[in-house]
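Chains as they are written, first to last, in our numbering: chain A, 48 to 334; chain B, 96 to 639.
One thing to keep in mind: the hints can contain errors.
[Claimed, not checked] These stretches of chain A come out as covered by chain B in the derived footprint (C-beta under 8 Å, 3 or more residues): (1) 137-143; (2) 323-333.
[To be verified] Simulated crosslink set (DSS-like; lysine-lysine; CA at most 30 Å straight-line): (3) A/K314 with B/K473; (4) B/K240 with A/K323; (5) B/K466 with A/K323; (6) B/K466 with A/K87; (7) A/K235 with B/K239; (8) B/K316 with A/K323; (9) B/K476 with A/K321; (10) A/K53 with B/K240; (11) B/K566 with B/K529; (12) B/K239 with A/K82; (13) A/K327 with B/K316; (14) B/K566 with A/K321; (15) B/K473 with A/K83; (16) A/K323 with B/K239; (17) B/K452 with A/K323; (18) A/K130 with B/K316; (19) A/K315 with B/K316; (20) B/K590 with A/K321; (21) A/K87 with B/K479.
If you're looking for bench data, these hints aren't it; they were derived computationally from the structure. C-beta: ideal position from N, C-alpha, C; glycine also.
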Amino acid sequence: MNLQTKAQNTWCPGCFNFVILTAVQEVISELIEEKKLAQKDVAIVTGIGCHGKMFDYLNLNGFYGLHGRVIPTAIGIKLGNPKLTVIGFGGDGDTFAEGISHFLHACNMNPDIVMIVHDNQVFALTTGQMTPTTEKDYKGPSLPSGKKTEPINPIALAMSAGASFVARSSAVDKKHLKRTIKEAINHKGFSFVDVLQPCITFHNSASYLSKHIYDLKKKGHNPKNFNKAFQKALEWNYSLDEKLHIPVGVFYKERRKTLEEDFSLPKKPWYLLKRKNNYKRLFSFLG
Amino acid sequence: MKKTILIGGKAGQGIAMTSALLGKIFANAGLYVFNYRDYPSLIRGGHNFNVLSVSDSPVFSFEKDYDIIVALDQNTIEKHKKYLKKKGFILGSKKLKSRKLVSLDLEKIISEMKLPPVFGNNILVGYLTHHFGLPLSFVSGVIKKEFAKKSELIEKTIKIGYNLEHFQEEKFDVKNKAKYFFSGSEAVALGAVAAGIDIYFAYPMTPATPVLHYLARNQEKFNILAVQLENEIAVINAALGASFAGARTMVGTSGGGFALMAEACSLQGMSEVPLVAYLAQRTGPSTGVPTYTTQGDLKFALNIGHGEFPRVVVAPGDAREAFLKTQESFYLSQKYRILSIILGDKHVGESHFSFEKIGEPKIKMKDFLLKNPSLNYKSYKITKDGVSPRTVPGLGPVVRASGYEHDEWGITTEDQEKISQMTEKRLKKEEFIKREVSKLEPVKVYGKGKNLIVSWGSTKGAILDSLNQLKNFRFLQVLYLEPFPSKQVEREIKKAKKVVLVENNATGLLGKVIRENTGIFIEKKILKYNGRPFYPSEIIKKLK
């Protein structure tokens, strides 16, 4: 299964986006081989930022949308044809700055889409400004004296907003990343994966991440226990604090009614509905 | 005979409902009716009123000159009695005070029947039905259709009012066929249904909200979805996503919400994913006066979205045109993969209009989709007319939509030649859209006078109703604002002796658009910008 395109790749050499890209390609290929997915029935949505180039490098149906608007675009695609498996890719600036309201409402509405956030804790394509997940005191070109506020915690945020699948993985552990993305695709409901990603040019957290990450699964974490999961969510604060450990894996997971299940959607995709235009009937509503 | 009836009271007293019900009964009896709604932005209390113009010949507006004031509170009398005609009267409860009052003991009747006070309105409706000599049979049909659940009680209370003692009667001739009677909002909603809408996305905003309510209420009946999302930005991006996936979509909002949609309108231009937007203008700028009318967003609609891309802007002048032009908007957006903007306003949206017939649009709706696309399908193929054949995900080939500049496959490009090619491809559509729109009555001319009134949108009603007293004037209504029918407009203006622009705004926006497109400057303007629509008498006075 060829998920590559002929587009020339323009990420920095050694960029961790390559890891995320190949992880996604491999997961989708495996799901296609397992006959759980057909290539034609996958649609991706990307925002704007370095992550957005995923659009060009994945040979899949896709919508290269606006900065911050990946989630509503993906929800629209899902409502437009519920048969499609819809995967959104966003950056941390994209999802947690420009698009934070959509993120919270999606956690609440539970559309059956996957949202993968390339969380490199920095605006990279615009040359290194802080984002909501950048650690305190980070010095960027837009605030040379250093960031004044603590980073937001997207895992805790998603859980408190009611997300039905909340996971964290990283681009420094491809095996774990693949496993997490696969589980997210297989989950029915809004599946959020925060992918910690070093930016080798503006925010190189590679060694910090490698050193501090540990797998929740290996510690026997039960993703059905909301309270325990929330405690785990607060364990790391998106800083570079040497004393802290970073749990990765599925924090929380529940099967809840999805947005599409809340609506009475037709069995066939809309474009296959045969609508007969009966003017006489319509006029009767105007009488 | 023509009668003007004002119905007023506090918000929550059922004024709009009562007025619409009375209007429907008149229309059912074959009379022409226009129903204007005036309400402040509050939920309970304050002062609301409706004005019904009822006539045995066509009527599309109202005068501030009332034959009857139906008062549900004393405030209505105080506010409007100076506009009551000499021979007019006030109808209402015994509790009210006015020497012109025809009083009915509503409270006694209603309390004896143990009904809530709002049923008193039905007694007034019954009284007026009798007053104008309409047989009760015209009431039953309307009640059964409108109020399936409480129809018996409503009919019963109307009958009580009908059989009360009457001090005088003014009989309408009721031999004519029943008229259609509906609002611009209902027309936009049903026009969308006629065009095969699948999903309507919106966030509540006056005066576009009635379309959301109508489609939400009837979504099962029409097998469609009405979806309210967290804000207008989510609304339009979701609508583009759903359209990309193969659903026919529309969004609806007013100026402030449309401003939030601006970036995604531009995304429409680049991605060429079809979309229809209903923009119901209200008085601006900013929050402005939310429940009142102004034609202030013409330039906004024509220019929304950064960058250069083709679009359609069409402004219906009444509810019938709203029904037909909404269908044309869908057709053009699907066929040319463009943004169609239906530019309405509070006055067209929330007024009820009556028509003898509605008719069908000149276009035949199709889905314009490749059902068996080849695996080499190119999402942005360069073609003669600039329209790349469209298909949807799920049929085989990879389908792409992009807000980035792209090549024919939809892959991002920054190549200078490709940028020019794709820009030209998108803009090439304009010429073909213009050709098609020229067949869809982009302008209409009424009357035969040598002088010319030029206008657009909701001023149509008051202008039409003033024409019979302005025999030396014709009226040029511009329906399509983009692509602009320059030739037709220029021809009409050049033929005319004197030209007057009539607009419900402060700066004469259509005049500026005409100058931009034809070079013609219209000096004489009649402008009104107090949130209220024109009365025909105002236009007549200024032109005589």
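Structure-based check of all given hints:
1. 137-143: As far as the region 137-143 of chain A goes, the hint is violated, because 0 residues have Cβ atoms under 8 Å from chain B.
2. 323-333: holds (count 6)
3. A/K314 with B/K473: It holds: about 28 Å lies between the C-alpha atoms, which stays within 30 Å.
4. B/K240 with A/K323: Between B/K240 and A/K323 the Cα gap is close to 23 Å, so the pair holds against 30 Å.
5. B/K466 with A/K323: holds (19 Å)
6. B/K466 with A/K87: holds (14 Å)
7. A/K235 with B/K239: violated (45 Å)
8. B/K316 with A/K323: With a Cα-Cα distance of about 13 Å, the restraint between B/K316 and A/K323 holds, given a limit of 30 Å.
9. B/K476 with A/K321: holds (28 Å)
10. A/K53 with B/K240: violated (61 Å)
11. B/K566 with B/K529: violated (33 Å)
12. B/K239 with A/K82: Answer violated: B/K239 to A/K82 is near 55 Å, above 30 Å.
13. A/K327 with B/K316: Distance of about 15 Å is within 30 Å: holds.
14. B/K566 with A/K321: violated (50 Å)
15. B/K473 with A/K83: The hint holds at about 27 Å.
16. A/K323 with B/K239: Status holds; Cα separation ~27 Å.
17. B/K452 with A/K323: Roughly 21 Å separates the two Cα atoms, so the pair holds.
18. A/K130 with B/K316: holds (23 Å)
19. A/K315 with B/K316: holds (17 Å)
20. B/K590 with A/K321: violated (48 Å)
21. A/K87 with B/K479: This hinted pair holds, its Cα atoms lying about 29 Å apart.
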